[in-house]
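Student: Chains as they are written, first to last, in the numbering used here: chain D, 245 to 502; chain W, 245 to 502; chain Z, 245 to 502; chain G, 245 to 502.
There's no promise every hint is true.
One copy or any two copies: either way a pair holds, since identical chains are not told apart in the list.
[What the hints assert, rightly or not] Below, in silico cross-link-like pairs of lysine to any residue (SDA-like), each with a Cα-Cα straight-line distance of 25 Å or less:
(1) Lys360 - Asp282
(2) Lys354 - Val468
(3) Lys355 - Glu256
(4) Lys395 - His253
(5) Lys472 - Glu456
(6) Lys472 - Val373
(7) Lys472 - Ser387
(8) Lys321 - Glu456
(9) Lys403 - Arg310
(10) Lys320 - Val372
(11) Lys420 - Glu291
(12) Lys360 - Ser432
(13) Lys354 - Met245
(14) Lys472 - Ile248
(15) Lys287 - Glu455
(16) Lys246 - Phe325
(17) Lys359 - Ile248
(18) Lys321 - Val372
(19) Lys355 - Asp402
(20) Lys250 - Glu374
(21) Lys360 - Ile248
(22) Lys472 - Ser338
(23) Lys321 - Ile422
(24) Lys355 - Asp322
The set of hints was computed from the structure by calculation and includes no laboratory data. Predicted model, so just to flag it, every value in this text is computed and none were measured.
4 protein chains.
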Amino acid sequence: MKSIIKVLHEPELENPILIEGLPGIGNVGKLAVNLMIDELNAKKFAELYSPTFPDHVIIEKDGLLRPLRNEFYYWKKDDNFSLIFLTGDYQSQSVRGQYELSEDVINFVKKYNVKKIFALGGFATGEVVEESKVRVFGSASDSEMASFLTKNGVILEDKGVIVGITGLLIVLGKLKEIQGACLLGETSGSTLDANAAKAVVKMLLKLLNLEETDIDFSRLDQKVEEIKQAIEKKMEIDLFEEKDLELLKKKDKPSYIG
Amino acid sequence: MKSIIKVLHEPELENPILIEGLPGIGNVGKLAVNLMIDELNAKKFAELYSPTFPDHVIIEKDGLLRPLRNEFYYWKKDDNFSLIFLTGDYQSQSVRGQYELSEDVINFVKKYNVKKIFALGGFATGEVVEESKVRVFGSASDSEMASFLTKNGVILEDKGVIVGITGLLIVLGKLKEIQGACLLGETSGSTLDANAAKAVVKMLLKLLNLEETDIDFSRLDQKVEEIKQAIEKKMEIDLFEEKDLELLKKKDKPSYIG
Amino acid sequence: MKSIIKVLHEPELENPILIEGLPGIGNVGKLAVNLMIDELNAKKFAELYSPTFPDHVIIEKDGLLRPLRNEFYYWKKDDNFSLIFLTGDYQSQSVRGQYELSEDVINFVKKYNVKKIFALGGFATGEVVEESKVRVFGSASDSEMASFLTKNGVILEDKGVIVGITGLLIVLGKLKEIQGACLLGETSGSTLDANAAKAVVKMLLKLLNLEETDIDFSRLDQKVEEIKQAIEKKMEIDLFEEKDLELLKKKDKPSYIG
Amino acid sequence: MKSIIKVLHEPELENPILIEGLPGIGNVGKLAVNLMIDELNAKKFAELYSPTFPDHVIIEKDGLLRPLRNEFYYWKKDDNFSLIFLTGDYQSQSVRGQYELSEDVINFVKKYNVKKIFALGGFATGEVVEESKVRVFGSASDSEMASFLTKNGVILEDKGVIVGITGLLIVLGKLKEIQGACLLGETSGSTLDANAAKAVVKMLLKLLNLEETDIDFSRLDQKVEEIKQAIEKKMEIDLFEEKDLELLKKKDKPSYIG
Chain D
245 MKSIIKVLHE PELENPILIE GLPGIGNVGK LAVNLMIDEL NAKKFAELYS
295 PTFPDHVIIE KDGLLRPLRN EFYYWKKDDN FSLIFLTGDY QSQSVRGQYE
345 LSEDVINFVK KYNVKKIFAL GGFATGEVVE ESKVRVFGSA SDSEMASFLT
395 KNGVILEDKG VIVGITGLLI VLGKLKEIQG ACLLGETSGS TLDANAAKAV
445 VKMLLKLLNL EETDIDFSRL DQKVEEIKQA IEKKMEIDLF EEKDLELLKK
495 KDKPSYIG
Chain W
245 MKSIIKVLHE PELENPILIE GLPGIGNVGK LAVNLMIDEL NAKKFAELYS
295 PTFPDHVIIE KDGLLRPLRN EFYYWKKDDN FSLIFLTGDY QSQSVRGQYE
345 LSEDVINFVK KYNVKKIFAL GGFATGEVVE ESKVRVFGSA SDSEMASFLT
395 KNGVILEDKG VIVGITGLLI VLGKLKEIQG ACLLGETSGS TLDANAAKAV
445 VKMLLKLLNL EETDIDFSRL DQKVEEIKQA IEKKMEIDLF EEKDLELLKK
495 KDKPSYIG
Chain Z
245 MKSIIKVLHE PELENPILIE GLPGIGNVGK LAVNLMIDEL NAKKFAELYS
295 PTFPDHVIIE KDGLLRPLRN EFYYWKKDDN FSLIFLTGDY QSQSVRGQYE
345 LSEDVINFVK KYNVKKIFAL GGFATGEVVE ESKVRVFGSA SDSEMASFLT
395 KNGVILEDKG VIVGITGLLI VLGKLKEIQG ACLLGETSGS TLDANAAKAV
445 VKMLLKLLNL EETDIDFSRL DQKVEEIKQA IEKKMEIDLF EEKDLELLKK
495 KDKPSYIG
Chain G
245 MKSIIKVLHE PELENPILIE GLPGIGNVGK LAVNLMIDEL NAKKFAELYS
295 PTFPDHVIIE KDGLLRPLRN EFYYWKKDDN FSLIFLTGDY QSQSVRGQYE
345 LSEDVINFVK KYNVKKIFAL GGFATGEVVE ESKVRVFGSA SDSEMASFLT
395 KNGVILEDKG VIVGITGLLI VLGKLKEIQG ACLLGETSGS TLDANAAKAV
445 VKMLLKLLNL EETDIDFSRL DQKVEEIKQA IEKKMEIDLF EEKDLELLKK
495 KDKPSYIG
């Protein structure tokens, strides 16, 4: 079985930029992208189902089932500027699958003429730092992008490795003429690092010249707090749907189904 | 190697409904489907062999070998109503294989114009409950189906996950315009939970408007009892062929062959 | 990469019968087939290389490298009767690979019009029995073959499983109109069970109406004895090339190379 | 996803010989090939990216990302003699992947009319020997090559196995009419065995009739020493780029990024 991409509707986008945020260290990338999706009111237009994801399905709060998925959202600032967001439940669960999933994503966004990718994630320093002091590290597909990052205050990494789709998207994208960068928020490595995510979003807005955009960052703290409480109660939830949280408060049934 | 589907004969079926019951938690789905196959005298019409199953073959009681398989049976109530049953030895043994197997099944039953699937399984609550109190949980492909389940007494789940082919069939089926639901019998998780299976069958008959159908539920208890005795004697048997059980009583040779 | 079959030369064979003996329990099948290859002076005509084998290569005694392989030999009794032997270094090392390798073998021998397969192996009873009392168990692709086995003294198995290519060849062969049987020599499970192998060969000769063929069974004892001594010295050897054994006596260099 | 080979430019080469040196025991092959690349000033002309490599990417010292890769370099002595070097970050990380990668390499170099391969690696004897006494072991694709090796002082191995791409390239190459040999430097098995690598390079130069070529072997000792110091400091580095080492001296930031 190959990956299936279900296009919900075809947006008209002018050379959009892809912003990736899938689960990873501190869930920094996922938290960052989902904050932007919520605050910019981005619209979902496609879902990707891959046999390289785990073999379970999700029961949603209305009793409906859905496959594990990655999701594409878009946001149009105006006729000349738009973003595509990639988020989802999982990265691929096998090494080879990560390459396949990355290639699937690249091939899909090429259809929308994507020429730039920012892939968001965490950089685990093992230290807890204050929100205002969280650093954003970065790496680039080419030296033009590297200079651009540095000029804007991103700390350019110069050694090490980046694991998973965050890095693969940039290097495989480059092979198809897509410029890109990883933006990695400094994190202690906790499961849900809202501060790292906020730092990454702020940097990204600066890089995209969107600093004037109205984003309520405090909503992310609130969401993370609720998720943490839910996790303490050993509940399974979709990290980014607040209605789940309301639901959780009313219920105490066991959630494992096989 | 791709999966092989061997069609034994082509039944004429009018928009049949697929009922899936493969091995899983408590073997609830498999027990349920096999009870229906036996009691309705459903006819086998196809076998599926997949390289995602284990790499052994089965020695049958007549000394004949057969591949591990999934089996398709059909039952025609009349010219306007028919069922296809899917049961078998195994689900796929790899994550990716589960997606492939599910896709193989969907593609096959699409040829018979299947537009609805009920996938049967167990819901492990960890509690042992009386036969008359066993609950049936469910999840659906769409809200029409969800309402239908609720109206008939199925307890709609609203969080958690469903592992394996039971859930994958519903979500991959939906992508091909097939409506579906999982029906999960409450089980303590024992290897063979006849009570959970009976509860699922009763609910399914209600949903299918087949409550008048003559089913001898006590035969399932008897069969499970015999299987349990055989297992105690460390015998390998096909769970659903009673002739095996008769055979077992006469023999005591070791059964492992390599 | 797909399997590669290198045909060394094309024999003219009239509906040959395939005899399989690859490594397995007690190496019964491999020992049996190699005894027949040696004693009948069968000629190698093809080699199969599969990416499902391990990823190392063999250094032969002349310093030449060769891939891990399965080998096809043929023996022509006369214009109306011939055998193809399948032996080799390994079965596939993955579950899916076993299905693929079996399919590769079936597809290859179909070109030579093979209509019957005997797959040889061991049946681990855990007991050590005298050479003259070793039983041969069997299973068949169809009832005609089952009767034939029984009539000739093969003990027909009626439950259990057969692991690996020995069983898969028979069931996948049957899907392509090839009749077949497994012949399994009773073995305690020791690494090299010459007695089980001899029993299987004797039974096979009877089934093939070749009882008059001149086979020196004592050579197998001698070979197994030499191999065991070599193994004690922790030497790596090809089990079935006597020149290796001569070589071993002269050397004591370490054999692991990476 | 299939492997991607990115050709940087097309050299004009007359029947070049392929010299392989990827990571392995003692990194003997990689050290040897990289010494030759550096000292002969060989030019990179192609990169190979394979989904059978690990799923991370490398951050280079200029802050740029690159995929894990194998690299092809060429060196032209004159119009009649040229070499292609294969080195890189990794061999494939799965058994099947090793076969696929080997086939990819063979297919690629066939385009340049490669008719001979020397695959370099280590032979772990477990003993530490003086630099001047390091032996070079070998195995060959055919007896002509075996004689040639022996005549030049290579110790011909006559049993054992060779694990990984070093051996696979020779046996799969032979299937495509490419002659080849493995040259394995005696090593205690340390991570970086410069002496084994030097011995292999010296032997290879002799075999290629390039003994007069000016190679500064002491540079390898110096490089290995620097790498070892860097490893002690738990730094991640590219083994063969000296600029990394300079960089390392200035920095102490943690290098793990996820």
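Student: Now, for every hint given, state plainly whether the structure supports it.
Tutor: Status of each hint after checking the structure:
In this assembly of identical chains, Lys360 and Asp282 lie within 25 Å of each other by CA distance solely inside one copy; the values are 22 Å within and 35 Å between copies. Taking CA atoms no more than 25 Å apart as the test, Lys354 paired with Val468 passes in neither setting, with 33 Å inside one copy and 43 Å between copies. In this assembly of identical chains, Lys355 and Glu256 lie within 25 Å of each other by CA distance solely inside one copy; the values are 11 Å within and 36 Å between copies. Taking CA atoms no more than 25 Å apart as the test, Lys395 paired with His253 passes in neither setting, with 38 Å inside one copy and 33 Å between copies.
Proximity of Lys472 to Glu456 under the C-alpha cut-off of 25 Å is found in neither arrangement, the shortest distances being 31 Å within a copy and 50 Å between copies. For the identical chains of this complex, Lys472 and Val373 are intra-copy neighbours only, at 19 Å inside a copy versus 33 Å across copies, given an alpha-carbon limit of 25 Å. For the identical chains of this complex, Lys472 and Ser387 are neighbours neither inside a copy (40 Å) nor across copies (30 Å), given an alpha-carbon limit of 25 Å. In the homo-oligomer, the alpha carbons of Lys321 and Glu456 lie at most 25 Å apart inside one protomer (12 Å), although the nearest pairing across protomers, at 61 Å, exceeds that limit.
With identical chains, the CA atoms of Lys403 and Arg310 are at most 25 Å apart between copies only, with a shortest distance of 11 Å across copies and 40 Å within one. Taking the closest pair of Cα atoms, Lys320 and Val372 never come within 25 Å of each other, the shortest separation being 36 Å inside a single copy and 55 Å across copies. With identical chains, the CA atoms of Lys420 and Glu291 are at most 25 Å apart both within one copy (22 Å) and between copies (15 Å). Taking identical chains as interchangeable, the C-alpha atoms of Lys360 and Ser432 are never at most 25 Å apart, the minima being 29 Å within one chain and 49 Å between chains.
For a Cα distance limit of 25 Å, the shortest separation of Lys354 from Met245 qualifies both inside one copy, at 22 Å, and across copies, at 16 Å. Taking the shortest alpha-carbon separations for Lys472 and Ile248, neither the intra-copy value of 33 Å nor the inter-copy value of 43 Å comes in at or below 25 Å. Proximity of Lys287 to Glu455 under the C-alpha cut-off of 25 Å is restricted to the intra-copy arrangement: shortest distance 21 Å within a copy versus 45 Å between copies. Proximity of Lys246 to Phe325 under the C-alpha cut-off of 25 Å is found in neither arrangement, the shortest distances being 32 Å within a copy and 34 Å between copies.
For the homomeric pair Lys359 and Ile248, the shortest alpha-carbon distances inside one copy (23 Å) and between copies (20 Å) are both at most 25 Å. Taking CA atoms no more than 25 Å apart as the test, Lys321 paired with Val372 passes in neither setting, with 35 Å inside one copy and 57 Å between copies. Proximity of Lys355 to Asp402 under the C-alpha cut-off of 25 Å is found in neither arrangement, the shortest distances being 32 Å within a copy and 36 Å between copies. For the identical chains of this complex, Lys250 and Glu374 are neighbours neither inside a copy (41 Å) nor across copies (44 Å), given an alpha-carbon limit of 25 Å.
Proximity of Lys360 to Ile248 under the C-alpha cut-off of 25 Å is found in both arrangements, the shortest distances being 23 Å within a copy and 21 Å between copies. Taking CA atoms no more than 25 Å apart as the test, Lys472 paired with Ser338 passes in neither setting, with 28 Å inside one copy and 32 Å between copies. With identical chains, the CA atoms of Lys321 and Ile422 are at most 25 Å apart within one copy only, with a shortest distance of 21 Å there and 38 Å across copies. Within a single copy, Lys355 and Asp322 get their C-alpha atoms as close as 20 Å, which meets the 25 Å cut-off; across copies the closest is 46 Å, which misses it.
Hint compliance for this structure: hints 2, 4, 5, 7, 10, 12, 14, 16, 18, 19, 20, 22 are broken, all remaining hints hold.
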